[in-house]
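**Q** Chain A is fixed; fit chain Y onto it per the hints.
These protein sequences, in sequence, are chains A and Y. With this note's numbering as the guide, the letters of the first sequence map in order to residues 9 to 97. With this note's numbering as the guide, the letters of the second sequence map in order to residues 200 to 398.
Take these hints with a grain of salt, some might be off.
Claimed, not checked - In silico lysine-lysine, DSBU-like type, Cα no more than 30 Å apart, as pairs:
no.	chain 1	residue 1	chain 2	residue 2
1	Y	K207	A	K73
2	Y	K357	A	K78
3	Y	K284	Y	K357
4	A	K78	Y	K275
5	A	K28	Y	K320
6	A	K51	Y	K262
Claimed, not checked - One side only, chain A facing chain Y, incomplete, derived with CB under 7 Å:
no.	residue
7	A47
8	L48
9	H63
10	I68
11	R69
12	K73
13	T77
14	K78
15	Q79
16	L81
17	I93
Just so you know, these hints were derived from the structure itself, not from any lab. Note that CB positions come from ideal geometry on N, CA and C, so glycine has one too.
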Amino acid sequence: MDKMEGASEPRKTQCQDTSKCFQLLESILDGELENSKEALKEKLAKCQPCFEHFHLEQAIRDVLKNKCTKQQLPPSLAESIRSKIQEMK
Amino acid sequence: MSDEQRRKYSEAEKTAIFDGEFMPHIDSMYNFGYRLTFDEDDAKDLVQDTYLKAYRFINSFEKGTNAKAWLFRILKNSFINEYRKKSKQPAKVDYQEVETYYNSDNVNYQQTSDLRAESVKDMLGDEISNALNSLAVDFRTVIILADLEGFTYEEMSKILDIPIGTVRSRLHRARNLLKVKLKGYAQDMGYETEEEEDL
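Next up, chain A with everything else stripped away, as it sits in the complex:
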């Protein structure tokens, strides 16, 4: 994705419409747009602000997903719920 396949010219340093592009990129990253691979590849190859925004947004989603501290489930919780439900029956 980082490679500029077949593109001889450098990426544009200014994006024509960051508002539209960034919203599109964020929707793609959120999995809300299907079949967007080709369009995405082309966009990232051509536009530096889009390229940077995409990678930053991707990095943020990745660290949130993989690095956030998780709390250990208290061992007695499930059991306590089950016994309360028994009482309800």
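**A** Below, chain Y alone, put in the same frame as chain A:
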């Protein structure tokens, strides 16, 4: 809900649904509760409350549908209706107001941060968690649902009772606020950010 719509499950079916579809989500539910309240006991109460409600209203749950979203919705409502009322926490930003201002059509997707992807990738779990935890609860919630729990915009719309456009704009805004926090950490760590030259 009419009697016809109410699916009457037998006791055995109820138990099967509860054990097979509800209980597998207890870990995510507890973490959601904890990230909303930052308190183990409150998180436990919220989760227990949610599961008791889920059982009581099990007939309005359609077997085989999205149990996780259904449970998250109950937990979120319990949090808003019960926990927040009795909580001594000062009221956070009223964010219906925020939302009116930053409604879905007015969100401006400009570059708002000079944070670099590389410095984000190098951050520690604690830093990411602290940044997330420092956000107002309503912004924190959308990030938890989308990025930590993997809910779609549509599922989030149902969990939070807000339109999909609002989910999108709230999420965008929440991540921008997160970037501001992360940028602060990046600078503290001595990572170069593009803006530093101008400071």
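**Q** Holds or violated: K28(A) and K320(Y), Cα atoms, limit 30 Å.
**A** 26 Å, holds
**Q** Holds or violated: T77(A) as interface residue toward chain Y, Cβ cutoff 7 Å?
**A** Since chain Y brings a Cβ to about 4 Å from T77(A), closer than 7 Å, the hint holds.
**Q** Check the hint pairing K78(A) with K275(Y) against an upper bound of 30 Å on the C-alpha distance.
**A** 19 Å, holds
**Q** Using 7 Å as the Cβ threshold, decide whether K73(A) counts as touching chain Y.
**A** 6 Å, holds
**Q** Does K78(A) hold up as a contact with chain Y if the rule is Cβ-Cβ below 7 Å?
**A** 6 Å, holds
**Q** Holds or violated: is there a CB of chain Y closer than 7 Å to the CB of R69(A)?
**A** This hint holds: R69(A) lies near chain Y, its Cβ roughly 5 Å from the closest one there, short of 7 Å.
**Q** Does K207(Y) pair with K73(A) here, judged by a C-alpha cut-off of 30 Å?
**A** With Cα atoms ~38 Å apart, K207(Y) and K73(A) exceed 30 Å; violated.
**Q** Starting from K51(A), check that the Cα of K262(Y) is at most 30 Å away, please.
**A** 43 Å, violated
**Q** Measuring from the C-beta of I68(A) to each C-beta in chain Y, is the shortest one below 7 Å?
**A** 6 Å, holds
**Q** Can the restraint linking K357(Y) and K78(A) be considered satisfied, given a maximum Cα separation of 30 Å?
**A** Distance of about 25 Å is within 30 Å: holds.
**Q** Do the numbers back the hint for H63(A), that is, is its least Cβ distance to chain Y under 7 Å?
**A** 4 Å, holds
**Q** Would the stated hint for A47(A) survive a check requiring a Cβ distance to chain Y of less than 7 Å?
**A** At 17 Å from the nearest chain Y Cβ, A47(A) fails the 7 Å test, so the hint is violated.
Comparing the model with each numbered hint stated earlier shows that hints 1, 6, 7, 8 do not hold.
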